[in-house]
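Protein chains in written order, with the working numbering: chain A, 1 to 89; chain B, 1 to 396.
This list has only true hints and no planted wrong ones.
Below 25 Å or equal to it, Euclidean Cα-Cα: the simulated SDA-like pairs (lysine to any residue) are:
1. A/Lys37 with B/Ala306
2. A/Lys86 with B/Lys103
3. B/Lys221 with A/Gln19
4. B/Lys103 with A/Tyr27
5. A/Lys37 with B/Ala243
6. A/Lys37 with B/Arg281
7. B/Lys142 with A/Tyr83
8. A/Lys37 with B/Arg3
9. A/Lys86 with B/Asn151
10. B/Lys235 with A/Gly34
11. A/Lys86 with B/Glu211
12. A/Lys86 with B/Cys220
13. B/Lys103 with A/His15
14. B/Lys221 with A/His81
15. A/Lys37 with B/Tyr8
16. B/Lys221 with A/Val36
17. B/Lys103 with A/Gly51
18. B/Lys221 with A/Phe6
19. A/Lys86 with B/Asp145
20. B/Lys142 with A/Ala11
FRET-style restraints, in silico, Cβ to Cβ:
21. B/Ala331 with A/Glu33: 24 to 32 Å
22. B/Ala331 with A/Pro5: 45 to 53 Å
23. A/Gly40 with B/Ser367: 51 to 59 Å
24. A/Gly25 with B/Ala277: 14 to 22 Å
Keep in mind the hints are simulated off the structure, nothing from the lab.
Beta carbons are placed, not taken as given, at the ideal position from N, Cα and C, and that holds for glycine.
Listed below are the residues making up each chain.
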Amino acid sequence: MNAIPFPATPAISRHFRLQWEEAQGCYVLLYPEGMVKLNGSAGEILACCDGATGIDAIVSTLEAKFATTGLRDDIEGLLGHAYQQKWIV
Amino acid sequence: MARIAPPYWLLAELTYQCPLHCAFCYNPLNYDAVRNELTTGEWVRVMREARAMGAVQLGFSGGEPLARDDLEELVAEARRLGFYSNLITSGVGLNEARIAALKNAGLDHIQLSFQDSTKELNDFLSSTKTFDLKMKVARLIKQYDYPMVMNCVLHRYNLPHVGKIIEMALELGAEYLELANTQYYGWAMKNRAQLMPTLEQVREAERVVAEYRERIGDRCKLLFVVPDYFEDRPKACMNGWGAVFLGVAPDGVALPCHNARDLPGLNLPNVRDMALADIWRDSPGFNAYRGNDWMQEPCRSCDEKARDLGGCRCQAFMLAGDAAATDPVCAKSPRRGEVDKVIRFASQPAGQLGSVAVIAQPIVFRSNANSRAVTNSVTNSATDSVTTAVTTSTPR
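Given the sequences, and given the hints that come with them, work out the whole structure.
This is the structure we're talking about:
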């Protein structure tokens, strides 16, 4: 199975705004007249996409934050999906 | 009743003032009688209360919202509160200084309306000379790096131009194009006989849109919804009454749907008198058609009621005379004949597809004078008795 490619230092596309929604208890992506509700891990991963941080640093940040290891495949999978959806550039 | 979910979408109709006079405007016929607009401070309170309930999307609309000189201030407050804000505009009044100020205030996107791909029809339908100005505004929107959302209301006159309208959107670099078939409320209902397309026009436009979708891929998202009258099931209007949408009219009247103030006996609350959360959860107006306890037959026992929620209350009132009736668009409605009659009538007037029919009743443009005339005259005989021919050349 081939992983879906994604940019080296992903950033949220200018067509979307990522923000934490208190009322929903989750991160959401806002766009003209719509909203994508993100699950917990997708929200945490996209919150790392600042256009300067690469995949290695994103993996180590999140593994440290949640005191775990072995997140790389999940993170790469989500970023590939996010790139396909044009959420990140 | 189960726990009531918060509103998702707040529509702030800042003013009924508008430099355009569109024949298909959904604003109420008597808009000119609505005075006493909410102040800046009152709008700020409305936005805060809606955001605290969980609303995320905010539309600034009207009328023409740019007619309010506090728009920039309201946009800045919306941004601070975390709304995703949308300016729904004709573009009239949007110069470079204002778009820079709006960008700076944090406005997220702009939806620009056009009336047609041609100068002649755009200017005729809006009863103004605005086409060149709109083209200029479209370029400003790109220059300021906004996602470009174009909107064009469709009807008998411009449906044959749908391909050219798409071409224009592509040329201007639009990312979204809403091809919005006319909804027959307010001024559009007044002009329904002139605006209603034929079945053939609708099907042909559908075919053209499908062809473009195939060809352009995701370069521009084309939104085209077949008008209600030409379907045999109604749509879940507003995604359900009091479910996601909360509109506030210029004078503070809270609206479960854009046209709720035209429904009789609703007793709509005003944001000046009540907290927004109480309006949303407890007011009789917002609970009148919430859920499905209010439904009559054939909706009540229908296995599709969860999908369309009985359709549109305003359409039920206008076509069946009862806002709680099944939307007459539905083939199961005993009043479906009313809808078919309107469609049949549309196919009769002289004139071929692609040309503009000569119709024995004049279009009534949305204007302050016409608003007062319509409001003052019970029968509207003053406008109906004047017979003028509506002719424009059909551009190639």
